[in-house]
Amino acid sequence: MLAASNISKRYGAVQALDGVSLDLPDGEVVALVGDNGAGKSTLVKVLSGVVTADDGVIEQDGRPVRIASPHEAQHLGVSTVHQDLALCENLDVVGNLFLGAERRRWTVLNHIRMERSARDLLSSLDVRIRDIRVPVAMLSGGQRQSVAIARALIGEPRVVILDEPTAALGVEQTAQVLDLIRRLRDRGLAVLVISHNLADVRAVSDRIVVLRLGRNAGEFDTAQSSPEAVVAAITGGTV
Amino acid sequence: MTTVNQRITGLLHKPLEPLRAAGRTDAGAWPVIGGLILIAVVFGSLNEHFLSAENLTNLALQMAATGTISLGIIMVILLGEIDLSAGSVSGLCAVVMTILYVHHGWNPLVAVAAALGCAVLVGLLHGWMFTKLRMPSFVVTLAGLIGWQGLMLYLLGRGGTINLPFEGLLAGLSDTWLPLWAGWLVAALIVAGWSAGSLVNRRLRRGADLPVTSGLWLTLRLAGLAGVLAVVVLVLSADRGVPLLLVIFGTLVVCLDLMLRHTVFGRHMYAVGGNAEAARRAGINITRIRVLAFVAGSTLAAFGGILAASRLAAVNQSSGGSDTLLMAIAAAVIGGTSLFGGRGRAYAALLGILVIQSITNGMLLLSVDSSVRYMVTAAVLAIAVAIDSLARRGQPR
Numbered sequence: 109m110l111a112a113s114n115i116s117k118r119y120g121a122v123q124a125l126d127g128v129s130l131d132l133p134d135g136e137v138v139a140l141v142g143d144n145g146a147g148k149s150t151l152v153k154v155l156s157g158v159v160t161a162d163d164g165v166i167e168q169d170g171r172p173v174r175i176a177s178p179h180e181a182q183h184l185g186v187s188t189v190h191q192d193l194a195l196c197e198n199l200d201v202v203g204n205l206f207l208g209a210e211r212r213r214w215t216v217l218n219h220i221r222m223e224r225s226a227r228d229l230l231s232s233l234d235v236r237i238r239d240i241r242v243p244v245a246m247l248s249g250g251q252r253q254s255v256a257i258a259r260a261l262i263g264e265p266r267v268v269i270l271d272e273p274t275a276a277l278g279v280e281q282t283a284q285v286l287d288l289i290r291r292l293r294d295r296g297l298a299v300l301v302i303s304h305n306l307a308d309v310r311a312v313s314d315r316i317v318v319l320r321l322g323r324n325a326g327e328f329d330t331a332q333s334s335p336e337a338v339v340a341a342i343t344g345g346t347v
Numbered sequence: 045m046t047t048v049n050q051r052i053t054g055l056l057h058k059p060l061e062p063l064r065a066a067g068r069t070d071a072g073a074w075p076v077i078g079g080l081i082l083i084a085v086v087f088g089s090l091n092e093h094f095l096s097a098e099n100l101t102n103l104a105l106q107m108a109a110t111g112t113i114s115l116g117i118i119m120v121i122l123l124g125e126i127d128l129s130a131g132s133v134s135g136l137c138a139v140v141m142t143i144l145y146v147h148h149g150w151n152p153l154v155a156v157a158a159a160l161g162c163a164v165l166v167g168l169l170h171g172w173m174f175t176k177l178r179m180p181s182f183v184v185t186l187a188g189l190i191g192w193q194g195l196m197l198y199l200l201g202r203g204g205t206i207n208l209p210f211e212g213l214l215a216g217l218s219d220t221w222l223p224l225w226a227g228w229l230v231a232a233l234i235v236a237g238w239s240a241g242s243l244v245n246r247r248l249r250r251g252a253d254l255p256v257t258s259g260l261w262l263t264l265r266l267a268g269l270a271g272v273l274a275v276v277v278l279v280l281s282a283d284r285g286v287p288l289l290l291v292i293f294g295t296l297v298v299c300l301d302l303m304l305r306h307t308v309f310g311r312h313m314y315a316v317g318g319n320a321e322a323a324r325r326a327g328i329n330i331t332r333i334r335v336l337a338f339v340a341g342s343t344l345a346a347f348g349g350i351l352a353a354s355r356l357a358a359v360n361q362s363s364g365g366s367d368t369l370l371m372a373i374a375a376a377v378i379g380g381t382s383l384f385g386g387r388g389r390a391y392a393a394l395l396g397i398l399v400i401q402s403i404t405n406g407m408l409l410l411s412v413d414s415s416v417r418y419m420v421t422a423a424v425l426a427i428a429v430a431i432d433s434l435a436r437r438g439q440p441r
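Each protein sequence line maps, in turn, to chains A and B.
Take the first sequence: its position 122, counted from the start at 1, is 230 in the numbering used here, and no numbers get skipped.
Take the second sequence: its position 75, counted from the start at 1, is 119 in the numbering used here, and no numbers get skipped.
Quick caveat, the hints were computed from the structure, so don't treat them as lab data.
These figures come from a predicted structure and were not determined experimentally.
Honestly, I wouldn't trust all of these hints.
Unchecked claim - Which bits of chain A does chain B cover? Going by a derived footprint, with three or more residues having C-beta under 8 Å, they are:
no., region
1, 207 to 219
2, 222 to 229
3, 285 to 291
Just so you know, even glycine gets a beta-carbon here, dropped at the ideal spot from N, CA and C.
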């Protein structure tokens, strides 16, 4: 369980975050929604170590932790899939999954061990790719998103943060990725999904956290909330 | 029937469409091999000496030096950068080696090592200017192209030519021929090594429950490799034997290819060439990779220069000059290395230089004017790059 409380971050004259709190319990999908400039990206950057908060506490299992760099975030088991996926299109699926974390003997790549783990990982996530040895450039958008998410699992993380995972996808591919997100939850991971698409958010999340102008603007149990109430929280209107 | 018609109309409208068939990022080595066969047929029918053992042996000798420089170019092109200084660096290092060996009486091997050391320093300087000063590689190496040639001319001084003693180790390098048995032994070792590697890999993959390539395909490839090597040894042995120069060049190509495909460094080279930002976020030290690529490029260029000096048994003011650099770059690209970075293999240098050198050699045999030779080489280069660009555009993005 990762919990952030009272997080504040200021960029010059702009108060991007003002005392925001967020809990990410194991085995739960939390959706982070809000209008442009609500502070979603800044909060994600704080959790993934890209920027440091000015104020506030981050706790893991009740113990305060410091996340000052992406490396420290990974060390704590926080893995982030950025919107641009950061895949090397010329490498195959196996190469991308283990990029920067190659299994090796001395300096020689252990192709077989990597391919075995890659196949196991992809099939445990029910990701179907006909030939995992073709360059990633050959894959569909949904398959690439799946590869990027699978890559986030290579380091055995406890928290996975997905930034706009369905933004560029078609209907069927979106469904595949949402299924994949549910399987992450079933593995007991804490998942944070940032999305603009409220339909996707309602389809996949357990809890919706709304940010507005850098502050917490409401928290909803997805199953028991009305879409209107969530939209009202986002826009600051009344139901 | 209608589908056939559709395909034909499609071909008329977009004749190059099949080259971008789905599932391929590049057309592989086949266009180049087809081109080589075409060259052999055309020149072989125009001049009976082209396919003679003596001429093919000369071809093998002519390939090695520029081919080695081309290998170095590939190291840099794989990152999507360019090294224009390779020709000048090859000339400079050959001159350094010759001066130390001939004028200062150094042991030839130490002189070679010193020249390669100079190349490492040159590569470090280029890499530093590229990564730390953030200068475009084009400009860094353009400055290198002019500057290192200047330094070479300065070192050569007024004389302008230094001869290598004919009986020495270095000149002997390009005048050493494997006896028949050694030629066959080398070929047998390559085939044995390749099949052992494939069999072990197959077994390990079976053991890990991974799909394996079909045994038939493996046997075919093995037979193809053995056949090509047997023809090479037979033809070259009919003249003076397999030249040591060719063995050296071949060893370099194979070692570099193994390094690129099977080591962490090679994997990171491809990653940086494919998407440098993704590589950086994955924790790869991209500055280190880039500097090492320039160092490897310069060192291989220097080695190529030393081979060229050995073949000429001299260095002079045109060492590494005229069209050496352009031929080396053209060879890398014709062989299938993508100028956009991230795609290509070390074998590209071998295939590309074979194409270019065959054209040059064939045209010289036909005593065609060098003006025509340049134009034909340019056309081949243009076709190779067009294939690369089309293959790239065919990728779903």
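(message) Checking each numbered hint in turn, tell me which of them this model violates, lowest number first.
(response) Those not satisfied come down to hint 3.
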